[in-house]
Each structure stands twice: as structure tokens, then as C-alpha cells.
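With chain A fixed as given, assemble chain B onto it according to the hints.
Protein chains: 2
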Amino acid sequence: MSQFELYRRQTKPILPSCLHGANYQLHTGEKTAPIADEAEIARLFPKTTYLPLLDIQPSSEASQSLPPKKVGVIFSGGQAPGGHNVLCGLYDKLQQIAPKSTLLGFKNGPKGLMTNDYVELTAEFLAPFRNMGGFHAIGSGRDKIAKPADFDAAAKTSESHGLDMLCIIGGDDSNTNACLLAEDFIKRGLKTCVVGVPKTIDRDLFSTKGIECSFGFDSATKVYSELIGNICFDCLSAKKYWHFIRLMGRSASHITLECGLQTHANVCLIGEEILEKKYTSKQLFEYLADCITTRANAGKHYGVCLIPEGLIEFIPENNELFNHLNNKLLPTWEGELTADAVAAKLPDALRKTFLSIPPGIRSQLLLDRDPHGNIAISQIETEKFLVAGVQEVLKARGASFKFSPLYHFFGYEGRCTAPSDFDSSLCYGLGSVAAVLGCNGKTGYMASLRHLAKPPAEWQPIGLPLTCLMNVEMRHGSPVPVIMKQMTDLKGNPFRLLVANREKWLKEDDYQSPGPIQLVSANSADGVAVCARPTITLLEEAKK
Amino acid sequence: MSQFELYRRQTKPILPSCLHGANYQLHTGEKTAPIADEAEIARLFPKTTYLPLLDIQPSSEASQSLPPKKVGVIFSGGQAPGGHNVLCGLYDKLQQIAPKSTLLGFKNGPKGLMTNDYVELTAEFLAPFRNMGGFHAIGSGRDKIAKPADFDAAAKTSESHGLDMLCIIGGDDSNTNACLLAEDFIKRGLKTCVVGVPKTIDRDLFSTKGIECSFGFDSATKVYSELIGNICFDCLSAKKYWHFIRLMGRSASHITLECGLQTHANVCLIGEEILEKKYTSKQLFEYLADCITTRANAGKHYGVCLIPEGLIEFIPENNELFNHLNNKLLPTWEGELTADAVAAKLPDALRKTFLSIPPGIRSQLLLDRDPHGNIAISQIETEKFLVAGVQEVLKARGASFKFSPLYHFFGYEGRCTAPSDFDSSLCYGLGSVAAVLGCNGKTGYMASLRHLAKPPAEWQPIGLPLTCLMNVEMRHGSPVPVIMKQMTDLKGNPFRLLVANREKWLKEDDYQSPGPIQLVSANSADGVAVCARPTITLLEEAKK
Chain A
1 MSQFELYRRQ TKPILPSCLH GANYQLHTGE KTAPIADEAE IARLFPKTTY LPLLDIQPSS
61 EASQSLPPKK VGVIFSGGQA PGGHNVLCGL YDKLQQIAPK STLLGFKNGP KGLMTNDYVE
121 LTAEFLAPFR NMGGFHAIGS GRDKIAKPAD FDAAAKTSES HGLDMLCIIG GDDSNTNACL
181 LAEDFIKRGL KTCVVGVPKT IDRDLFSTKG IECSFGFDSA TKVYSELIGN ICFDCLSAKK
241 YWHFIRLMGR SASHITLECG LQTHANVCLI GEEILEKKYT SKQLFEYLAD CITTRANAGK
301 HYGVCLIPEG LIEFIPENNE LFNHLNNKLL PTWEGELTAD AVAAKLPDAL RKTFLSIPPG
361 IRSQLLLDRD PHGNIAISQI ETEKFLVAGV QEVLKARGAS FKFSPLYHFF GYEGRCTAPS
421 DFDSSLCYGL GSVAAVLGCN GKTGYMASLR HLAKPPAEWQ PIGLPLTCLM NVEMRHGSPV
481 PVIMKQMTDL KGNPFRLLVA NREKWLKEDD YQSPGPIQLV SANSADGVAV CARPTITLLE
541 EAKK
Chain B
1 MSQFELYRRQ TKPILPSCLH GANYQLHTGE KTAPIADEAE IARLFPKTTY LPLLDIQPSS
61 EASQSLPPKK VGVIFSGGQA PGGHNVLCGL YDKLQQIAPK STLLGFKNGP KGLMTNDYVE
121 LTAEFLAPFR NMGGFHAIGS GRDKIAKPAD FDAAAKTSES HGLDMLCIIG GDDSNTNACL
181 LAEDFIKRGL KTCVVGVPKT IDRDLFSTKG IECSFGFDSA TKVYSELIGN ICFDCLSAKK
241 YWHFIRLMGR SASHITLECG LQTHANVCLI GEEILEKKYT SKQLFEYLAD CITTRANAGK
301 HYGVCLIPEG LIEFIPENNE LFNHLNNKLL PTWEGELTAD AVAAKLPDAL RKTFLSIPPG
361 IRSQLLLDRD PHGNIAISQI ETEKFLVAGV QEVLKARGAS FKFSPLYHFF GYEGRCTAPS
421 DFDSSLCYGL GSVAAVLGCN GKTGYMASLR HLAKPPAEWQ PIGLPLTCLM NVEMRHGSPV
481 PVIMKQMTDL KGNPFRLLVA NREKWLKEDD YQSPGPIQLV SANSADGVAV CARPTITLLE
541 EAKK
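Quick mapping for you: the protein sequence lines, in order, are chains A and B.
Note that full-length UniProt numbering has the first sequence beginning at 1, numbered continuously upward.
Note that full-length UniProt numbering has the second sequence beginning at 1, numbered continuously upward.
If we strip away everything but chain A, and leave its shape as in the complex, we get:
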């Protein structure tokens, strides 16, 4: 283990004061309802709709120790910093309120639950993973519990171990699965309570009812902002390049927004804004060319532009085009698949869109196909797509200044970093909340913490019914109940802060370098200021 790991694993996360002792009470709050499609959700989830909010308060009366519990836990979906601390918080709280409980970690995601592949998580097993990045203590996976046989397999494993509780650590899809499982287990008469924990660096698992920030967002955006800050200084020192930086986050632009606010990059594209304004690719190329020209006119042939991974799909005309290609044109295609041949067969409006895609990217689109034969939109290097378009615009305008682009993509670099102090404490707290909920027979709940813009000691532990996050959406042509993704709020403070500074950050070199995540001295006075800063997104939203 590195010196850093040795030091870090001994650090104690800060537990909200409500969760400190073994004495607590579970308060029942107001009844909840689904965020949309109430009748349909209530019909599909008769046992878990309209559950009340719960909150955990300290109690002056001694709580009786619960009998030992049997608990299972899985990681589901992409990694996020802090996952190991959820396991540790869950384990420690279980031993505190239900001594001699057993915790089983199912391996490599939902597959481990369905195939009964597990390891027992003991104090000794967990010790090296405390405050450490990654999900590798038990691994993660993207398998879904979808078919009836999958539900049978999950139920069989739960029943065979006599699980009192199953904790699912995941994003919106995984918690949708948790909700389905909770309902299914009640119907089967299983005693296993299902409790979800909100995980995703993307921050699109969010609810005004009580999920202020899924875990991982804080640490991942800090890693990306560290790198972007470094690139901003490099850019300003060399004065030669425009850096185009694509950031992970396919369905929402929260990560890009936070990184823009942290670093004051010259251009920060927000997918949700492009969608609202119904930008075409061409308009976006023109806008970027304007930005680059504005700086060039001031003698600045350099800059930094942040791009959300999912940008291309936010451009409405692209979505129409991709849908047509995937559903109409490509399935029945005969003969050689060239860009010219495709263009000839497209309806006029879509042909225009197709031809507005830079030629290199156009050919690549047709070549790179996913296993279903669909255009692999996620494979498109959005930063190269944009630059190719910008170069065409600049050429058409006869621009004579120097424009040297460089490309970056940051994603995998931030998902398994050692969690920031914020995420360390958040995750440890979430694991503790999950233990309290599950041990008290609460099922169909999400463990959460409120007031996250305050210091960790003041965070409020709650239980949020999973059904209150759900609505009905079309997937592969059928209506299905899913947790609603939360996109960047264009009326929210974080986005408004960007808009208020956009002009200034474009023209001036007002770069900020947030530096690497600092963890060592969170307990010293100086340390707290540097180590314990939450995201700007969270602080701005707390101003509401």
C-alpha cells in the first residue's frame, strides 16, 4: 500500500451527530407520492407507493439492541468514489445496533446476487478499504434484474441466506431495480427489506424531497477540476492551444457545469441549454467559432472549452437523424454503405442535418456500429466533432488567425479516486442510514442525508420512499416505471452563476486552479478550509 493509502485508511469519517450513538428514533413524516404518473406507479407498486418520509433523530432513551441481522449488499453500475465507505458505514452501524450481524457482499454487481456469489464482509476484510477509492472490495457490474427468472434467482438467494435486508448501491437504473425488488419481495412474502443508496458521479439521481447529491459527484468533479485547472494554467503559459475537454456524464451536464464553475474555463457547454434553445450542430459550430474569434481578436489564440459527453444527443436534429438511421435506413440497407449513398436516401431535412456533420465524423458514424447495428453515439469523440465543424466555419469565414486544438477526455480517471472528505463522510453516513432503515423493517426506501451544504455533523439522515422518485417512461417502445433522471436546472443558481460570468470568463483569463483534493489535515484549522469545501453546485443550490 502507498503511504497515502496507509494514512488514509486510518482517517475517521465524520458521522452526522444524529447517527453517533446507538440510541435513535425513527420519525414518520408526511406521506409521499410518485413524482409523475401517480396512478400508474400506484398500480404497479401497490405495496410501496404512498410510503411516508422517515427521519432519524437521536434519542435520550436507550434503544434496545436488535437481534443479529443477516444483510446483503451489492454495487450496481459504474464506479463512484466512496463506495467502500458505504460498506464500512453499513457494517459498523449494524454491529452497533444489531451486534453480531452478518454482512454478505455479493460479487460483481447484481449477477452476484442472482448466482449467489458472495464474500462475508468482516471488520478485518473491510479494514484495507476504509476511505479508499474503487469498488473492488466486491466488484460491480451492469447486469439488470429484469426477467422473471432474474427475480426468482434474486429471491432464491435472499431466501437461502435468510436475508433481513438487501442494500443496493447504485444510480437511477439500479435504484429502479431496488424498487422493483422491494415490491416483488413483499409480494412473495419474503422478509428481506430492500434499501437503496444513491450513487452516481453524474448527479442526475437527485430529488428536492431529499437527495441533494448522490455520492461520487464531489470527488469526481474535484479530480476533473484539478486537471482542467492545470490545463488552464498550461494554456495561459504556452499561449498556443485551444484545449477541448470532454467530460463524462452522458445524460446530464452537472459534471461539466461544476467543473466550469470551479475553473472558469473560457467556454462551458451545457447540453440542457442547447436542448432548450433547439440548437442545430451548425449553430453550435458558429457559436464556438464566435468565441474563438472573440479571443483571437484580442490576440489570444488559446483557450479552454468544456464539453459534456452527451452533447451530441442534446442537439434535437441529431436525435431525429440518428433515430431515422437506426430505425429506418440502416436495418434494410443494401449495397456499399458510403456517406454519399446514405445522404442520397435521406429525407431533405435530415439530409441537411447529415451533411452538417463534418465529413470525417460522418464516415466514422457509419463505420462504428454497436452490436445491434446501431450508430454508436457514445463512441463519437464529441470534441473532435465540434472542432471539425468549427474549422469548417472558420474556413468559410476566411479567418486567417492560428487555431491549434488539443483534445482530452476525462472520465475513468475520476470514478475511482480516493473519496474527498465530503464523499468519505457522506458514504459512511449513507451506509449507516441504510443499516438503521433495514434493521427496522423499512423496505422500498432510499437512504439519504439532507443539508449537505452544512458541515457533516449537521447532516440529517432520512429515508425516502423509492416510489416517490418514479414515473413512467418509454423504453424500447414500451412504457416502463423508472426513476426520473434530473437534468441541469436552467433556472437554478449553479447555471445562473455560469450565465452571469460567461462573458467575463470567455474574454478574460480568469482561470482558477482548484488543485488536487486535499485530505491529510481535515482536522486542523487551515485544513478544513481547503479539504472540506463542498462543490459550488451544492453551495449554490443551498442558497435557494
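Please note: incorrect hints may appear among the correct ones.
For chains that are exact copies, the list does not tell them apart, and a pair is met inside one copy or across any two.
[Claimed, not checked] Calculated lysine to aspartate or glutamate pairs in the EDC-like style (CA-CA distance at most 16 angstroms, straight line):
{"#": "1", "residue 1": "K240", "residue 2": "D143"}
{"#": "2", "residue 1": "K239", "residue 2": "D143"}
{"#": "3", "residue 1": "K156", "residue 2": "D370"}
{"#": "4", "residue 1": "K100", "residue 2": "E124"}
Honestly, the hints are just simulated from the structure, not real lab data.
Coordinates of chain B only, in the frame set by chain A:
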């Protein structure tokens, strides 16, 4: 400014105890000689060859304050973390030993010196840059002082300001320039002393006579290792991908070696070894395919492979091919430039080499040409070159296992990070040493510090004659005096440590995650262990 920047700029670098007070003595040590081509270097540098080593010691006798000096400074070449601290160390020491001295920062590299474009560096001007990354206080540039008119311009600026000293902060090329300038200024009868400061994240500016580590290597490798460590944990959590990570450092593999030692990545390619073993591309593809197959046979369809940026040029046959293409075939090419047409015109041996390059890369090679029409070798995405070759080998072998590669390139992300405590102190000390040398009329010297594996207080300040680093090399067909680049020593401890662990790190998942650079509590007991760790390369070399 970010919270981190506000905190960091107030941190005091640790100055070697020899440089603490205003009382010091300059000891004259043994006479030096050029590292090679002694007679020719002595002929070209009659005034600055055979200068003695110098070292700075504290003195019990009070040193008299020197009269105010006029000093100029430039950054030359690529950015490296800590540059701003060289300026600060230089300024502070000047004010201590020659109060009321003036420091001029020439802007954007050597061009600023030649065009007399400068800013005066005052305490107030420098304050926001203390311990901060980047070179943007005055900017850097890659212009060379090469033609007689360039030397005239540099001399004119120096003379017009009455500079007592010019400090050139740069890598091997820039310090070659410093050496030429020192000799030139003596010949002209100018009083301006020229002192170099060894900067490069690549660590190829190294000398057993006294340059143990150029500044920037420590911080940059720590940033890259942070990211690689994160990717190792991601790889181990998801168990899906092979990550191929190209690292900056075109001419030497020091960065890749250090990152390999820090993270225990499964495969760590060292260019110097490939050169020594005279590997062909095909042999390299086979070797990598073996590594991937070894892991696949153990059920591990994932891994991490580190690749030095300059790898392709270390493969001897490639160099022959590129030379032939650039110097013989391409300059007189007529007709369409296709890979097939080129293959047909190559001599048999080179055709074989050309055809061993994966087809996609082959076409890209012919398309991407630099402004002189040469193959843009530095544009080749080495990681894709290798993977394309590996995929051909695996296909030819009929391998049926899953192999999903992902690509990364880390370079710009690390050059302008806030310097580690090591680089903060190293740079501040180097600036101080340069001030002492220049103020005492020493010219043609490199400021350096020895014993860098010890704590900063014990570092030994020295002056190293620039000529002792020089030899004669062929550049564009002519012999020229240049500072000899120092490649990875295949008999050295750092490389031997890699070799001793190579088999283990390939097969096991022995990943280490060094974490983000920690800076906040270097003064606390815990903090020192985490913040003040030098590179493994340096610690291993100190064992000699």
C-alpha cells in the same frame, strides 16, 4: 483565487540550511571537463570549458551585502511545476544578499529577451504566484537563440539594461543555449553572467556530477500516478477493460518508469529497453499479446499498460523506415500517395517494416505530415498503434477471449500542476542558488542541489559548469555542441526494481493508488510522511 491557491501561496518552501542566512561562502571544487568530445567542446567554448565545480556553504563570518544587481530571467520551453518558485527564490535571495536589486522577467521565453519585452518582478507582482503551478507570470516560449542576429539581439537587450546576470530556466536545449550565450557574452566583453536552472518533467537533463532531478519531474509524475492509480482501481472494479496509457516524455522513458513503480501497472514499456533489445514492432505486438493472454488465461480480461510517448522511435526498424520515407521517398513522390504505392517502392527490408504497421496507422502516417512534409511521428497515437498490432496478433492466433481496450494520454495535465512540496522547495532553492552564483560573477554555470533524497534542509547547493554536460551531436546533418540527454539507465536501481517485479505485477492485481498530491500539512508529523515522499526513482538511485 481558489481556497487551495489562497492557502498554498502562503506556504513557505523549505530552504536548504546552507542557504538560510545571508552569510555564505562559495567553495571552489575540482576542475570539470566535457562529458564527451572534450577537444571539440574546449575549442568551441574556450572561456567556459574546464571551469571548477562550486559549492555553497554557510559561513560564520558575516558576508558583506553586495551592491544592487540588475538581473533578467526567462522561462524557456515546456512548462514544469515549480517554475514560479524559481522566480521567487531568485528574487528573495537577491534582496537578501544584494538589497535593492532589480529583477526583470522577459516575456514568453527567449523571444522576450531578443525583443526586450519584459516586466519588472517585484514582491507584490510575485506574491500571487508563490507555490503556484504554471509559467504564466511571464510566459514561456520555444524560440531559440540560434542565428548571429539572435545573439546580437540578446546581447543588445542585456547591455541596454546593464544586466549583471541572466537566468535561463529550461531543459537541455535551453541550457545548451545558456552555455552558448555565456561564451558569447564573455567574447563580447559583456558583464552579464549567464546561469541555467535545470527544468524538465522528462528528467533527461541529469548528471552524475550534480543534477539528480530536474524540477517538475516529481510533481508531474505524481499527477500522472494519481490518475493511473485511479484507473487501476477502476479497472479492477469493473473487470472489463484494458487501459492503454500513453505518457508524455518523447525522448526518454523516466516518467513512464516512475509511474510504473508508483502504481504497479501490469505492463510498463520502457523505450530504452526496446532499443537495447532491438525489438521490431511485430515482436512488441507479440510481447503485448502474450501479456494479455497470460492474464486472460487467469480469467482476467482487464489490465493497465503504460507507454512512453516516444516508444515508436525507440524501435530501430521504424527509425530506418521513417528516415527513408522522409529523406528519400516522400520528397520526390509523384502521383497518388497510397499505402500500397508506397509499399511497392520501398526496399524489401523496409517494406516488411512498413507492412508490419497496422493498416489504419499506415494510412494515417502518410496523411498526417508536418509543415516540412515529414511524417509527423509525434502525432502518432502510440497506444492505438500498439493495440491495432496486438489485435492482429490475437486474431492470427485465433484467440477467442474478450479484449476491450481503452485509451488515455496524459501530458498537459501534469505540466502546470501546483508543485509538490518537493518541487516547491527544490525550485525555491534553485532560484536562490542561481542568485548566489550570478551575484558573485559566475557565468556558464547551472544552479543545482544535491542529496535530494534527503530532507530539503540537508540539500547541498552547487554550481555545475554547463560545458561539463556537453558533447557534440549530429543535428540536421551537422555536428553541433549540445547538452547530452540522459536516458533511462538499464543498469540503474529504478529499472532493476521494475524488472524484479515485472512478472508479479503482470499476473497479480498488485495495484497501488498513490492518491492526489498532498500539500496541506507538510508541517505536521502525519503530513510529512504523506506530503514529502520523493519519487521512487530518486530514492532508488540514492541507494547506489
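Hints, one by one, checked against the model:
no., hint, verdict
1, K240 x D143, "between (45 angstroms within a copy, 13 angstroms between copies)"
2, K239 x D143, "between (47 angstroms within a copy, 13 angstroms between copies)"
3, K156 x D370, "neither (34 angstroms within a copy, 64 angstroms between copies)"
4, K100 x E124, "within (14 angstroms within a copy, 62 angstroms between copies)"
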